[in-house]
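Line by line, the protein sequences are chains V and C. So the first sequence is numbered by our numbering: it starts at 24 and just counts up by one. So the second sequence is numbered by our numbering: it starts at 24 and just counts up by one.
A couple of the hints might just be wrong.
Each pair of labels, with its calculated beta carbon distance range [unchecked claim]: (1) Q155(V) with S50(C): 30 to 40 Å; (2) Q54(V) with D91(C): 49 to 59 Å; (3) D29(V) with K197(C): 41 to 51 Å; (4) H150(V) with K117(C): 43 to 53 Å; (5) D29(V) with E164(C): 39 to 49 Å; (6) P198(C) with N144(V): 52 to 62 Å; (7) Q284(V) with G81(C): 20 to 30 Å; (8) G291(C) with N170(V): 52 to 62 Å; (9) H150(V) with K197(C): 52 to 62 Å; (10) Q85(C) with G232(V): 42 to 52 Å; (11) E106(C) with D29(V): 52 to 62 Å.
Here are the simulated lysine to aspartate or glutamate pairs, EDC-like style, with alpha carbons at most 16 Å apart [to be verified]: (12) K25(V) with D57(V); (13) K36(V) with E69(V); (14) K53(V) with E69(C); (15) K25(V) with E49(C); (16) K171(C) with E255(C); (17) K112(V) with E193(V); (18) K25(C) with E49(V); (19) K117(C) with E193(C); (20) K36(V) with D29(C); (21) K36(C) with E173(C); (22) K25(C) with D57(C); (23) K36(C) with E193(V); (24) K197(C) with E173(C); (25) K112(V) with E194(V); (26) K117(C) with E194(C); (27) K197(C) with E246(C); (28) K82(C) with D57(C); (29) K53(V) with D29(C); (30) K36(V) with D57(V); (31) K53(V) with D65(C); (32) K36(V) with E49(V).
Over the 10 Å line for every Cβ pair with chain C, so calculated as not near, a few chain V residues [stated by the list, open to error]: (33) D57; (34) M62; (35) A254; (36) N288; (37) D293.
Since the hints were derived computationally from the structure, they do not count as laboratory data. Keep in mind it's a predicted model, so treat the numbers as computed, not measured. C-beta: ideal position from N, C-alpha, C; glycine also.
2 protein chains.
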Amino acid sequence: MKTYLDCIPCFMKQALRAGRISGMDESGVKQLLDEVGCMIRDLPLESTPPVTGDLIYGKIRQMTGVNDPYNEIKKETIREALELYPELKNIVRKSDNRMLTAAKIAIAGNVIDLGVGNDFNITRDVHAILNQEFAILHFEEFLESLNKAESVLYLGDNAGESVFDKLLIEELGKPVTYVVRDIPVINDVTMEDAIDSGLDTVAEIISSGSSAPAIIPGLCSDEFLDRFESAEMIISKGQGNYEGLSNVERPIFVLLKAKCQVIANDLGVDTGDIILATPRELNRHQ
Amino acid sequence: MKTYLDCIPCFMKQALRAGRISGMDESGVKQLLDEVGCMIRDLPLESTPPVTGDLIYGKIRQMTGVNDPYNEIKKETIREALELYPELKNIVRKSDNRMLTAAKIAIAGNVIDLGVGNDFNITRDVHAILNQEFAILHFEEFLESLNKAESVLYLGDNAGESVFDKLLIEELGKPVTYVVRDIPVINDVTMEDAIDSGLDTVAEIISSGSSAPAIIPGLCSDEFLDRFESAEMIISKGQGNYEGLSNVERPIFVLLKAKCQVIANDLGVDTGDIILATPRELNRHQ
Chain V
24 MKTYLDCIPC
34 FMKQALRAGR
44 ISGMDESGVK
54 QLLDEVGCMI
64 RDLPLESTPP
74 VTGDLIYGKI
84 RQMTGVNDPY
94 NEIKKETIRE
104 ALELYPELKN
114 IVRKSDNRML
124 TAAKIAIAGN
134 VIDLGVGNDF
144 NITRDVHAIL
154 NQEFAILHFE
164 EFLESLNKAE
174 SVLYLGDNAG
184 ESVFDKLLIE
194 ELGKPVTYVV
204 RDIPVINDVT
214 MEDAIDSGLD
224 TVAEIISSGS
234 SAPAIIPGLC
244 SDEFLDRFES
254 AEMIISKGQG
264 NYEGLSNVER
274 PIFVLLKAKC
284 QVIANDLGVD
294 TGDIILATPR
304 ELNRHQ
Chain C
24 MKTYLDCIPC
34 FMKQALRAGR
44 ISGMDESGVK
54 QLLDEVGCMI
64 RDLPLESTPP
74 VTGDLIYGKI
84 RQMTGVNDPY
94 NEIKKETIRE
104 ALELYPELKN
114 IVRKSDNRML
124 TAAKIAIAGN
134 VIDLGVGNDF
144 NITRDVHAIL
154 NQEFAILHFE
164 EFLESLNKAE
174 SVLYLGDNAG
184 ESVFDKLLIE
194 ELGKPVTYVV
204 RDIPVINDVT
214 MEDAIDSGLD
224 TVAEIISSGS
234 SAPAIIPGLC
244 SDEFLDRFES
254 AEMIISKGQG
264 NYEGLSNVER
274 PIFVLLKAKC
284 QVIANDLGVD
294 TGDIILATPR
304 ELNRHQ
């Protein structure tokens with residue numbers, strides 16, 4: 024997905040929030056906004072939003088010297104999600120459609136996003152999403168693809184959400200490779216976070232090889248790209264990964280909650296909607 | 024009120040919206056955002072937000088050559104407000120407290136703000152505000168000041184809202200001077216808009232002498248400042264005027280709806296709250 028002009032004020036907002044969370048004082052944050060403001064000129068709109076995000080969060084790391092400002096927040100959300108895990112596992116067990124319920128829960132975890140900056144309350148939000156209908160649901164295609172695939176490549180998004188991903192992975196019934204960011208960026212899931220979430224007990228965990236807050240094939244390692252190119256089924260979590268992959272021709276299923284108007288418009292849904300969709304079907308229908 | 028860092032992403036959003044409304048194509052709007060992005064570096068945070076707004080909207084005028092992009096929208100909102108006028112006049116007539124009801128209606132008109140960019144629906148919003156309690160209400164002080172004053176200086180805010188101001192002016196029972204922006208900026212009320220709203224039948228209309236979307240004493244004409252300095256009672260409508268005047272020692276009463284988090288925090292209220300307050304009392308209580 025290209026960067027829309029509407030993303031630009033949002034980049035400024037993200038820089039503001041990230042600067043503050045990194046512990047910069049107000050004059051430091053102002054300098055950061057000065058720098059990011061001047062970076063706008065060099066932003067090619069053909070790039071996807073997370074490519075720009077990569078530049079901005081790189082600038083923040085450089086200016087603050089803080090590599091993982093969201094570290095404590097990530098640990099806290101993983102802890103909260105792990106506390107919810109037994110209750111959610113029970114909901115999946117009792118469900119008439121375990122796979123669909125687990126998919127919904129995995130999407131519910133996607134509210135834990137400190138990039139977009141919406142308020143969230145994991146417990147409240149997960150129960151709300153369990154009662155929400157999908158705005159787009161390519162579930163038959165999902166099951167068919169899963170049935171044919173020998174293994175699944177699962178692209179993680181945020182730390183904490185990773186615990187909810189575990190519930191879906193446990194239902195897939197196929198060997199899963201879980202992909203994490205190479206270094207900390209926003210509250211995105213890293214190797215350490217994935218292990219803290221218990222994902223090492225249900226999946227092989229690999230790095231994308233990139234610091235971008237999304238899977239941008241051009242920025243990933245060759246090792247990841249080999250896996251990506253040969254994957255029979257890819258589950259892509261969240262907005263960032265969708266932004267990076269919406270035009271990539273691979274057997275991808277996108278699981279996300281549309282948290283901003285730009286993504287909602289791009290998908291033809293409303294803000295707050297949840298989708299389980301394959302971009303190939305989306306393109307065919309649009 | 025100083026410019027908060029939180030205002031900076033909002034400036035970018037305002038530039039985006041104003042560029043589009045001015046009829047710029049997307050590449051023109053991108054150039055505008057490039058320029059505004061680089062202006063951030065030169066923004067002194069000690070300035071009030073509307074001083075920065077003045078610079079940004081000046082840049083938009085310069086880049087587009089369009090002096091009044093909001094002209095048609097302003098005419099439409101004035102027309103809509105005039106249609107509501109008889110019904111609202113009736114509500115004031117039947118009210119137990121005509122002055123307070125008229126003040127509420129004047130504040131309800133303050134939702135017509137194309138700077139902040141919230142959605143509004145005049146008919147729906149005015150009825151909602153009629154049922155809303157004030158978060159801050161210095162009504163006794165207001166009546167006392169009005170009682171003592173020989174005349175009132177009324178600082179207008181937006182076009183359309185100006186029709187609602189007429190209802191309050193009709194209740195004041197004192198000669199009123201209504202102040203408009205010197206040239207069109209956002210959808211703020213100008214001389215022409217004030218006349219279209221029927222204000223010339225109930226008040227003398229004068230210009231602030233400034234293009235800023237607020238009363239910033241340092242930017243106003245000497246003619247206006249003479250009136251401002253000698254005014255016995257000043258009614259200031261809306262966020263912009265509050266931002267410009269919150270630290271000015273004059274007998275000011277602020278009537279506004281808090282439409283953004285920054286203003287709400289500055290006033291110690293919640294977003295969506297309505298207030299009729301004298302900053303002197305606010306300072307004493309804080």
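Holds or violated: K171(C) and E255(C), Cα atoms, limit 16 Å.
holds, 8 Å
Does the structure keep K36(V) and E49(V) at a Cα separation of 16 Å or less?
Within the cut-off at roughly 14 Å; holds.
Given pair status - D57(C), K25(C), alpha carbons within 16 Å:
Status violated; Cα separation ~24 Å.
Does the claim that M62(V) lies off the interface hold, with its Cβ farther than 10 Å from every Cβ of chain C?
violated, 8 Å
Restraint check for K25(V) with E49(C), where alpha carbons must lie at most 16 Å apart:
With a Cα-Cα distance of about 13 Å, the restraint between K25(V) and E49(C) holds, given a limit of 16 Å.
Sort out whether E193(V) lies within 16 Å of K36(C), counting only the CA atoms.
This hinted pair is violated, its Cα atoms lying about 43 Å apart.
43 to 53 Å as the expected CB spacing between K117(C) and H150(V), which holds or is violated
Since H150(V) and K117(C) have Cβ atoms about 46 Å apart, the given range 43 to 53 Å holds.
Taking 16 Å as the top limit, are the C-alpha atoms of K53(V) and D65(C) close enough?
The given pair, whose Cα atoms are some 11 Å apart, holds under the 16 Å limit.
Given pair status - E194(C), K117(C), alpha carbons within 16 Å
This hinted pair holds, its Cα atoms lying about 13 Å apart.
Compare the distance between the alpha carbons of K82(C) and D57(C) with 16 Å, and conclude whether the hinted pair is satisfied.
Holds: K82(C) and D57(C) sit about 12 Å apart, inside 16 Å.
With 10 Å as the threshold, tell me whether A254(V) passes as away from chain C on beta-carbon distances.
Correct as stated: the minimum Cβ-Cβ distance to chain C is 35 Å, above 10 Å.
Run the distance test for K36(V) versus D29(C): straight-line Cα separation, threshold 16 Å.
holds, 8 Å
Violation of the numbered hints given earlier is confined to hints 2, 11, 12, 13, 21, 22, 23, 27, 33, 34; the remaining hints are satisfied by the structure.
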